[in-house]
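Residue numbers (the working numbering), protein chains in the order written: chain Y, 1 to 113; chain E, 1 to 110.
Source of the hints: derived by calculation from the structure; they are not laboratory data. Be a bit skeptical, because a hint or two may be false.
Claimed, not checked - Chain Y regions said to be covered by chain E (calculated; three or more residues, Cβ under 8 Å):
no.	stretch
1	28-42
2	99-107
As the list claims (entries may be wrong) - Derived DSS-like pairs: lysine-lysine, alpha-carbon spacing no greater than 30 Å straight-line:
no.	chain 1	residue 1	chain 2	residue 2
3	Y	Lys57	E	Lys56
4	Y	Lys9	E	Lys70
5	E	Lys56	E	Lys2
Each residue gets a CB set at the ideal place from its N, CA and C atoms; glycine is no exception.
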Amino acid sequence: DGGITQSPKYLFRKEGQNVTLSCEQNLNHDAMYWYRQDPGQGLRLIYYSQIVNDFQKGDIAEGYSVSREKKESFPLTVTSAQKNPTAFYLCASSISGPPDTQYFGPGTRLTVL
Amino acid sequence: QKEVEQDPGPLSVPEGAIVSLNCTYSNSAFQYFMWYRQYSRKGPELLMYTYSSGNKEDGRFTAQVDKSSKYISLFIRDSQPSDSATYLCAMSSPGDKIIFGKGTRLHILP
Numbered sequence: 001d002g003g004i005t006q007s008p009k010y011l012f013r014k015e016g017q018n019v020t021l022s023c024e025q026n027l028n029h030d031a032m033y034w035y036r037q038d039p040g041q042g043l044r045l046i047y048y049s050q051i052v053n054d055f056q057k058g059d060i061a062e063g064y065s066v067s068r069e070k071k072e073s074f075p076l077t078v079t080s081a082q083k084n085p086t087a088f089y090l091c092a093s094s095i096s097g098p099p100d101t102q103y104f105g106p107g108t109r110l111t112v113l
Numbered sequence: 001q002k003e004v005e006q007d008p009g010p011l012s013v014p015e016g017a018i019v020s021l022n023c024t025y026s027n028s029a030f031q032y033f034m035w036y037r038q039y040s041r042k043g044p045e046l047l048m049y050t051y052s053s054g055n056k057e058d059g060r061f062t063a064q065v066d067k068s069s070k071y072i073s074l075f076i077r078d079s080q081p082s083d084s085a086t087y088l089c090a091m092s093s094p095g096d097k098i099i100f101g102k103g104t105r106l107h108i109l110p
């Protein structure tokens, strides 16, 4: 089945630790995105990548880092510099870059204790 | 004024009723309009996509765009309890990122 997978579904970390969230797609999409969703806040763009080895900051990139070494993979690292990391993180992909329609993964709920 | 405004709800309607969900926007450059459905603790799934004014129908769902009023709607006919979810509108202009509304929570009462 074609789609986007995110792992794990739930993640718990201690404050001060870096953590990496996985996102893989087998849709052969060029572009991939990371969003953060908080209650009442809607979706906020963290980073996006339109091609391999290239990515751009979104609206709330501070405290996050990404890499795009393979077309299929776009991992997100939440660093200790991110002041409020507890949130629901969503990965998405699209055939090409914005404004192409985006398809979302199931999300990862990160809780920092 | 925010670029995209969407009433957060919750909106509660009885099963079988017609549901109307709406968004307003301020950027006249928006040309692409989408509706996503998101179940609790899941990722959003694309329901409808349109890039013109007028209506687009898909089964029980109809998306309506009025560019002159900067207003889009999603209608759900014969609503079912399984339609209970949060509905996100989204829109963009050529070459620019997609802007999402904050979502409307919908409850269909059996």
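Hint-by-hint comparison with the structure:
{"no.": "1", "hint": "28-42", "in the structure": "holds (count 3)"}
{"no.": "2", "hint": "99-107", "in the structure": "holds (count 8)"}
{"no.": "3", "hint": "Lys57/Y to Lys56/E", "in the structure": "34 Å, violated"}
{"no.": "4", "hint": "Lys9/Y to Lys70/E", "in the structure": "37 Å, violated"}
{"no.": "5", "hint": "Lys56/E to Lys2/E", "in the structure": "26 Å, holds"}
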